[in-house]
Amino acid sequence: MATGRGWILRQHSLGVSRPLSDAIPSAGVDSRSPFLVAPSGATAGVGGGSRGVLFERPKPRSPGAFLESHSFSAMSEYPAAMQLKKTHTRRMCTRSTSIKSNSAIDFDRMPSEILLKILSYLNAESLLCTGCVNKSFYHLSNDNTIWFKIYSKSFLPKRKKWRTESAQESAVSLNLPESQDRESGYWKKEYIMKKKAAGKADLIQLLKPINACTGLPLKTKEAIKISGLKWMVILKDRNGKQHVLEQTDISYNETSVTVYWNYLKWPCLDTLSGLQIFGVTPILLSDSKVHPKNRPLQRSLISEYDLANLTENAKMIGCDALVELYCFDQGLLVGVWKKSEIAFVMACLHYHQLIERSTLGSARVRYAAAPDKAILDDIDPEYGMHGYQLHIDLHSRGNTYMCGTFRSLFCKKDYIRNGYLRFTVISYKKTAQHLPLVGNIGLSWMTGVFEGNVQNCFIMDVTLLDDSQKPYWCFSAPVNMVLSPKPSGLYQYLGPSYYLNYMDLTGKVHMELVWMEETNEYCIINLVLYLSTEKVNSWFGTNY
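The opening residue of the sequence shown carries number 0 in numbering that gives the first Met the number 0; numbering runs sequentially from there.
Please note that the accuracy of each hint is not assured.
Stated by the list, open to error - Mimicking DSBU-like on lysine-lysine, the simulated pairs with C-alpha atoms at most 30 Å apart in a straight line are: (1) K218 x K116; (2) K220 x K207; (3) K194 x K218; (4) K469 x K507.
Simulated from the structure, these hints should not be mistaken for laboratory data. Note that the structure is predicted; figures quoted are calculated from it, not measured.
With the hints as constraints, model all of the structure from the sequences given.
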């Protein structure tokens with residue numbers, strides 16, 4: 000085709016006036032002859048008009064010579080040639096499309112032996128993901144031969160260096176009949192169990208060093224990152240539909256971690272019935288730094304809340320021009336727009352047993368720590384009433400307002416009233432113990448578009464240790480300061496006074512503050528802990 004077009008253009012350059020469009024469609028080319036055969040009725044080149052006249056095949060010319068002698072406008076004079084080119088291009092596209100459509104692989108028709116051979120090249124994480132495709136792939140991904148090879152590479156004793164790889168492969172192949180005798184998925188379960196046990200042992204070793212001030216592990220933050228631990232929220236509506244939300248931000252503090260869920264679109268609050276917080280960890284800890292997004296995960300239920308009656312089940316601790324803050328038990332905070340729609344969710348999680356609560360539970364049952372056995376002491380008549388140590392931290396999204404440790408806290412028997420033991424941390428009368436709060440007090444919040452700061456609110460972390468330096472009472476919760484109707488009564492503090500209260504099943508916290516206009520800061524003038532006598536008697540085996 001290309002040669003014929005070149006001959007036509009050459010004849011045109013020589014001054015042939017015959018319309019070439021009549022000759023192009025029926026022109027024939029013999030690939031075995033150096034000549035072009037003219038069609039019947041065609042005019043024979045220079046010499047005349049007999050039928051079947053042979054024309055000499057033109058010699059090939061370089062593209063540069065052709066471009067010098069012809070312009071691209073000449074192509075518009077050959078509509079038949081262009082039509083042939085378009086038809087040829089259309090046929091080639093149709094052919095390539097049919098080839099692509101025929102290249103699709105139907106895995107359902109593929110023999111299982113070939114599929115097993117393909118799966119044998121995958122690692123453990125990829126095999127677990129493959130098992131989630133459908134029922135057929137689930138059974139194929141449980142093949143004992145594949146998992147036994149993975150298991151043997153990870154846990155069987157290493158061969159000596161002088162052994163060759165072929166010897167190792169033969170040793171593994173000798174054990175394959177033994178692996179086939181097991182039920183399907185046996186070696187998969189064994190591999191996962193041993194991997195989990197190894198990861199748990201590594202975390203235990205990492206969490207062994209203890210902070211003397213807090214009584215908590217020193218490397219909780221590192222353990223969270225190494226284990227791949229994250230947290231998610233599941234919202235349930237009244238129709239049973241679940242909305243799964245992954246964490247969007249996280250803030251590490253000295254004794255707690257604050258997790259945020261900031262989304263632009265939330266389900267309608269009126270249709271929601273409950274909220275659950277889960278710790279999410281990968282089933283298999285990968286050695287690589289880059290973790291795949293769709294890797295298999297496991298959930299551990301931490302807490303659940305009722306959202307059906309928000310105003311009854313939660314306490315509003317503050318508001319600004321845009322949002323209202325509703326606080327639940329166990330450190331959950333829900334920000335609600337003025338139009339009664341969710342703006343954000345925040346969870347305050349204390350470090351005490353956080354790794355265990357986030358990894359050792361199940362999707363339905365929370366982790367339950369083993370009860371502590373009471374250590375009896377018949378010699379000390381005030382056993383369980385002294386030797387306490389308090390570490391308190393007041394903060395908000397990376398801003399620390401106050402952090403301190405108070406040792407040798409005690410309670411006298413005369414201070415046991417209404418089912419509580421009273422421990423004075425900061426005395427109202429001792430001005431040397433009064434502590435200021437640094438910075439502008441407020442709870443910072445943020446969504447995808449807006450951000451703000453609710454005044455007189457912050458997060459309080461309390462860690463109370465007993466006389467043996469074991470964590471006795473630990474919590475992290477949002478709190479608010481309330482303007483007191485009565486002045487402080489201290490002549491050195493003339494500003495307005497505030498108070499703060501927190502209570503749960505273990506005890507209560509009461510704090511009194513005064514605004515000092517001279518320095519533009521708050522000052523704590525009274526801090527008292529109240530411990531439940533029921534918890535103290537259960538912990539120490541006493542009978543107060």
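Going through the hints against the structure:
1. K218 x K116: Violated, because 43 Å separates the two Cα atoms, which is more than 30 Å.
2. K220 x K207: holds, 13 Å
3. K194 x K218: Roughly 22 Å separates the two Cα atoms, so the pair holds.
4. K469 x K507: Holds, at roughly 19 Å.
The structure is inconsistent with hint 1 alone, although it conforms to all the rest.
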